[in-house]
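Residue-level listing of the chains:
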Amino acid sequence: MSNAQPLLDVSGLTKHFPIKGGFPIKRTVGAVQAVDGLDFQVAEGEALGLVGESGCGKSTTGRLITRLLEPTGGKISYRGQDITHAGRRDLAPIRSEIQMIFQDPYASLNPRQTVGKIISGPMEINDINPAGGREARVRELLEIVGLNPEHYNRFPHEFSGGQRQRIGVARALALEPKLIVADEPVSALDVSIQAQVVNLLQKVQRELGIAFVFIAHDLAIVRHFSQRVAVMYLGKIVEIADREDLYDNPRHPYTRALLSAVPEATVDQEPRERIRLTGDVPSPINPPSGCRFRTRCWKATEKCATEAPPLVQVEGNKPGHLTACHYPETADAVPAPRLSKDPEAAA
Amino acid sequence: MAAPAATPLYFPPGDGAPSGKSRLMFRFLVRRVIGALVILLIISAITFWLFYAVPRDPAMMSCGKNCTPENLEQIRKNLGIDKPIPVQYWLWLVGIFAGRNYAGFDYCNAPCLGYSFANREPVYDTIMDRLPTTLSLAFGAAVVFLILGIGAGMLAALKQGKFLDKFASSASLLGSSLQIYFVGYIAMFFFVAQLGWLSQPQYTPLTDDPGAWFSGLLLPWLVLAIIFTANYTRMTRSQLVEQLSEDYVRTARAKGLSRANVFFRFAWRGAMGPIVTVFGIDLGTLIGGAIITESTFSLQGIGRLAVKSVDQSDLPMLLGVTLLAAGAIVFFNILVDAVYALIDPRIRLA
Amino acid sequence: MTSTDQQPFLSVKDLQVHFSTEDGIVKAVDGLSFDLIKGQTLGIVGESGSGKSVTNLTILGLHDRAHTAIEGEILLDGKELLTASEKELERLRGNKMSMIFQDALASLSPFHTIGTQIGETYRKHTGASKKEARARAIEMLKRVGIPQPDVRVDDYPHQFSGGMRQRAMIAMALVCDPELLIADEPTTALDVTVQAQILDLLKELQQEFGTAIIFITHDLGVIADIADDVLVMYGGRCVERGTKEEVLSSPQHPYTLGLLGSMPSLDGPVDVPLSPIPGSPPSLLNPPSGCRFHPRCTFADKVAGGLCSTERPLLDVVDGRGSACHLPPKQRGDLFADFAAARH
Numbered sequence: 001m002s003n004a005q006p007l008l009d010v011s012g013l014t015k016h017f018p019i020k021g022g023f024p025i026k027r028t029v030g031a032v033q034a035v036d037g038l039d040f041q042v043a044e045g046e047a048l049g050l051v052g053e054s055g056c057g058k059s060t061t062g063r064l065i066t067r068l069l070e071p072t073g074g075k076i077s078y079r080g081q082d083i084t085h086a087g088r089r090d091l092a093p094i095r096s097e098i099q100m101i102f103q104d105p106y107a108s109l110n111p112r113q114t115v116g117k118i119i120s121g122p123m124e125i126n127d128i129n130p131a132g133g134r135e136a137r138v139r140e141l142l143e144i145v146g147l148n149p150e151h152y153n154r155f156p157h158e159f160s161g162g163q164r165q166r167i168g169v170a171r172a173l174a175l176e177p178k179l180i181v182a183d184e185p186v187s188a189l190d191v192s193i194q195a196q197v198v199n200l201l202q203k204v205q206r207e208l209g210i211a212f213v214f215i216a217h218d219l220a221i222v223r224h225f226s227q228r229v230a231v232m233y234l235g236k237i238v239e240i241a242d243r244e245d246l247y248d249n250p251r252h253p254y255t256r257a258l259l260s261a262v263p264e265a266t267v268d269q270e271p272r273e274r275i276r277l278t279g280d281v282p283s284p285i286n287p288p289s290g291c292r293f294r295t296r297c298w299k300a301t302e303k304c305a306t307e308a309p310p311l312v313q314v315e316g317n318k319p320g321h322l323t324a325c326h327y328p329e330t331a332d333a334v335p336a337p338r339l340s341k342d343p344e345a346a347a
Numbered sequence: 001m002a003a004p005a006a007t008p009l010y011f012p013p014g015d016g017a018p019s020g021k022s023r024l025m026f027r028f029l030v031r032r033v034i035g036a037l038v039i040l041l042i043i044s045a046i047t048f049w050l051f052y053a054v055p056r057d058p059a060m061m062s063c064g065k066n067c068t069p070e071n072l073e074q075i076r077k078n079l080g081i082d083k084p085i086p087v088q089y090w091l092w093l094v095g096i097f098a099g100r101n102y103a104g105f106d107y108c109n110a111p112c113l114g115y116s117f118a119n120r121e122p123v124y125d126t127i128m129d130r131l132p133t134t135l136s137l138a139f140g141a142a143v144v145f146l147i148l149g150i151g152a153g154m155l156a157a158l159k160q161g162k163f164l165d166k167f168a169s170s171a172s173l174l175g176s177s178l179q180i181y182f183v184g185y186i187a188m189f190f191f192v193a194q195l196g197w198l199s200q201p202q203y204t205p206l207t208d209d210p211g212a213w214f215s216g217l218l219l220p221w222l223v224l225a226i227i228f229t230a231n232y233t234r235m236t237r238s239q240l241v242e243q244l245s246e247d248y249v250r251t252a253r254a255k256g257l258s259r260a261n262v263f264f265r266f267a268w269r270g271a272m273g274p275i276v277t278v279f280g281i282d283l284g285t286l287i288g289g290a291i292i293t294e295s296t297f298s299l300q301g302i303g304r305l306a307v308k309s310v311d312q313s314d315l316p317m318l319l320g321v322t323l324l325a326a327g328a329i330v331f332f333n334i335l336v337d338a339v340y341a342l343i344d345p346r347i348r349l350a
Numbered sequence: 001m002t003s004t005d006q007q008p009f010l011s012v013k014d015l016q017v018h019f020s021t022e023d024g025i026v027k028a029v030d031g032l033s034f035d036l037i038k039g040q041t042l043g044i045v046g047e048s049g050s051g052k053s054v055t056n057l058t059i060l061g062l063h064d065r066a067h068t069a070i071e072g073e074i075l076l077d078g079k080e081l082l083t084a085s086e087k088e089l090e091r092l093r094g095n096k097m098s099m100i101f102q103d104a105l106a107s108l109s110p111f112h113t114i115g116t117q118i119g120e121t122y123r124k125h126t127g128a129s130k131k132e133a134r135a136r137a138i139e140m141l142k143r144v145g146i147p148q149p150d151v152r153v154d155d156y157p158h159q160f161s162g163g164m165r166q167r168a169m170i171a172m173a174l175v176c177d178p179e180l181l182i183a184d185e186p187t188t189a190l191d192v193t194v195q196a197q198i199l200d201l202l203k204e205l206q207q208e209f210g211t212a213i214i215f216i217t218h219d220l221g222v223i224a225d226i227a228d229d230v231l232v233m234y235g236g237r238c239v240e241r242g243t244k245e246e247v248l249s250s251p252q253h254p255y256t257l258g259l260l261g262s263m264p265s266l267d268g269p270v271d272v273p274l275s276p277i278p279g280s281p282p283s284l285l286n287p288p289s290g291c292r293f294h295p296r297c298t299f300a301d302k303v304a305g306g307l308c309s310t311e312r313p314l315l316d317v318v319d320g321r322g323s324a325c326h327l328p329p330k331q332r333g334d335l336f337a338d339f340a341a342a343r344h
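Chains as they are written, first to last, in my numbering: chain A, 1 to 347; chain B, 1 to 350; chain C, 1 to 344.
It is worth saying that the hints were derived from the structure and are not from the lab.
Among the hints, erroneous ones may be present.
[Said to hold, decoys possible] Which chain C residues face chain B? A few, computed with CB under 10 Å, are given here:
| # | residue |
| --- | --- |
| 1 | LYS87 |
| 2 | ASP103 |
| 3 | PRO157 |
| 4 | LEU335 |
We put the CB at the ideal spot given by N, CA and C, even for glycine.
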C-alpha cells in the first residue's frame, strides 16, 4: 500500500457549509463543519470502508472525492494529479474513471429512460465507442450485474429495488472506472436482497480490480466488503486500519462503542461487551473543542478538551493502524462503565 | 448540492438555534419591508422609463385644438414635464414624501403623486376615491370564494371517491373554465332584469348605507368568486388528501383522537400553508384592480382607472396605480410569509 | 408460547386481510394466528410486503376500512376488536394499546409541541386538565431520558434529534400505561449507538410496566436483542415461529435460514461470499401458488411431487414452536446443517 503511488490520496480534506444569518444584512455567521481535515489513501483495487453515524460526514466525503462538491480546503490527488479544484475540462478525463453508486435505487435512475439508455448514457457523454458498439457493451454489462440482457429496452419501474441497484452498478461500470464510490449502496434494500448486491459488488471489485470507497453505516457489511476501514465521527476520521486490526483490536473508544452496539443475530454465544453511549452526536456547527468525541467518552479528561488528538500510529498499533485518541483502548481494558453523565450539560 | 448532505436537523439550544420568536419576526419584517421599498422604487423607475420609451407628448393631448407653441410650453411647465426624465423622476419621488409645488395648480401635499395629465385632478385623491370600491369588491369576493372553495374542498376530501367528491371536482372544473364577462352578463340578465331578485350592481359606500353596499355588490362578488372558488376547492382537496395520508395523522389516530379532531387540528393545519400562500397572491392581484369585473358591472374601481390611464397616456395616474398594485402584492407577500411561519413552526424566518 | 398457564392478552386467530387497489386484490395477510401474554415481547420479522405492518395496523383498526376485507378474530383481553365500533376503538387506542412508528419525525405532528402531543393523549383518556397533562408529559419525558424535560416539553419535534424524537414517541405511547405496545421498526432509522439506547429503554420500561410488546423489524440482530418469541412472516403468512433461541439458533424454515445467511456478522469469515436468497419478495397481488417461498427456495426441488408449488404447507405448532415447510423435519435438519457448514 505504501510502496506504490496510491490511486487516491486525500489530505486535510475539509468541507464547511456556510450558514447565513445576521441582521440587518445577511452574512456568513458560521459553518457546518461537515468534513474537517481528512487524510487517507486508497490503493489500486483496494476497498476502503467508510463507517460512521449520520452526520459524521461520510456521504459528504464521497461527494467530495467524486467532486460533486467543491472542497473548502485540503487536497485530493488522483493518480498524482491534483483534482481538488480542477475545473470541468480538467476533470473530464477523470470523471470516467471515478464513478458513483447511490443509495436510493428509485431516485437515482431517470424514470423516463430505458435501461439501455441509462447505462449507455455515460458512454455517450464521454464519447466512448467500445468495439462492437454501445448496445453490445450494455448487454454485456447487464449480464455482468446479473440482469437479463433482453431487458435492454425496459424502464426502471419494471424492476425491483435490488434489480435497480444492479442497473446502477452497470451504469457505474460502463466506463470501466478505476474507482467506485458507493454511498450506502444496500441500505435501502431488503435483507435478502442486500446480500445479493454485496456479492455483486464484491465480484466486481475482485474480478475487475476496481478500487472502492464503500460508505455505509452497517459495520458488519463494511467488514465483509472492505480490506481497510476508516471510522468517522463528526467530520473526522477517528481510526483507520486494516479490517482485521480494526474489528479485532479497536483502539479508539468510539470504534469500540460502535462495535459493541451492533446487534448480532446470535443468541447462543456468551454475551458480548456492551458499551452504551449516552446522548446524541453533537451539532457539527459548534463541534466540541479538542477531541470531538469527548462529550460522549467515558475516558475524557481535561487534555481531551484542549488538545485535538492527531491520527497517528499509537503505541501497540500495527503499521497502517492509525488512531486519534489520547487514551487508546487496549485489548484487556476494563469494560467501559455505563455513562450517566448528562451529555447536554457536557456540551 | 448547496445543503449539507447528512447533517442532522438538530440544533441544540444556543447553537445557532432560533432565539426568541418575536425578535426573529421583527427582524424578518424589517428586512422584508426594506426589500419591499427597494422593489417599489425599481418598479416606479421602470414604469417612468418605459412611459417615455414610447415617443409621445402628453402636453399635446391637454393642449386642445387651438394649440400654440407658447401654450404647449406653458402646459409642459405646469405638468412638470419640461425637465429631463431623471429630474422628473426625482421630483416625483420627493413629492411622495415631502409634497410638491406645481405651477398653475394648488400645492400638492405629501403623499403627492402628482396631477393627472388628463383631468388635472390630484392622482392621490382619485386613487383614494376609487380604492373603497376595489377593496369592497376584493374582500367581499374573497370571503365568498374562501367559504365556498374551502368548504367544498373539505367535503370532497372527506368523501374521497364518493359522489360528493366527484361533483365538487366537476363543478370546480366547470367554474374555472367560465369567463366573468360572460357569466356576469348572464347573471345580470336573469337575476336583475328578469327575476328582479338583485339590484343593479353599483357601489354605495359601506359607511353611507351598509344594506345598499351589500346588495349592490352581491352579484359582482358571486360572479368574481366563481372563478376563484374552483381553484380553492381543488387546492383544499388535494392538500387535505395529501395531509391525511401523512404519518403524523396516522399517529394521531393511533393515540385515540377522533376523526374530526384529527381532521381539523392536524390535517387542516398542514393544508393551510399552501392555501394561505395562493390566497395572498390572489388578494394582492385583486387589489391592483379586477379590470374585467369592474367593466362588466360598471364599477368605478382601480382596475378601470388603470385602463383609462393607459388609454390617455396619463403618466402620473399610471404610476400611482402601478405603485398601488405592486405595493399590494408585495405587502401580501410579506404577510403570507409571516403567517406561514405562524402556522408551521418548522419555517425559520430569514 | 413459553408459558402456557398464562392467559394470552392478545390473541389473533386466522387473520386474513385483503385490500382492493386499482391493480387488484392485495392479499396482505393470509391466515395468521398468534398469542401474546403480558410482559412478553413478540418479534415479528419480515421484509417489505410480508404483511407485518398491515397486521399491526389492523389490530389498532387503523387500516383503510373502505377498501379492506378482514376475516378472523383479534381478541384483546377477551374483547373482539374486529367488530368493535370506532368509538370503542378510540377509547382503546393510546390507552390500552399503543403504537410507535419507524420515522419519528414524520410520525409526530410538526405543528404541535412535544408536550402538547404527549399531553393530549393523556387528556383524551383520563380527562385530566391541561396543567396535569403537561406535568405528566414532563414526567414521561424524564422517564424516557430526555435531558431538561421541563424545557424540552415546549419544543417542536424538529428541534429534537432523531434519538430524542423516538424517545418522545415512546413517552407518548406509554403515557396511559398501555398493556400492549406495537413497535413498528422503531429503531430502523436510527444510528446503531442510538438504536442500542432505545432498545435498552424499551426493555427497561417493559420490566417496569409489564407491557406486552409486538416488535416488528427486518433485522434479526434486533430480534436477538429484544424479543422473547419470534414470528417470521413471508408473503403474508407466518412461515416459522418459536422462541428467539429456537428460531435464531436452529431455524426450521428455508426462508429464516436464508435471512441468516444473508447477514454478514462481526466475527464470521470474510472472504467467502454471502449466501443470499435468490430472487425478490413476491408481489401480494399475484402471490405464488402453494408455498409462497417456493420460487426462491433452494430446497424446493428436494420435495417429491412438486408439492411446494401446488400445496400450502401447514404451520403445525407444538408448544409454540413450528414452521410451514413441506420438507420432512429429518431431511431438513441434514440439509440445513450442510448449508450452514458451507458458510462457515
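Structure-based check of all given hints:
1. LYS87: 8 Å, holds
2. ASP103: 6 Å, holds
3. PRO157: 9 Å, holds
4. LEU335: 42 Å, violated
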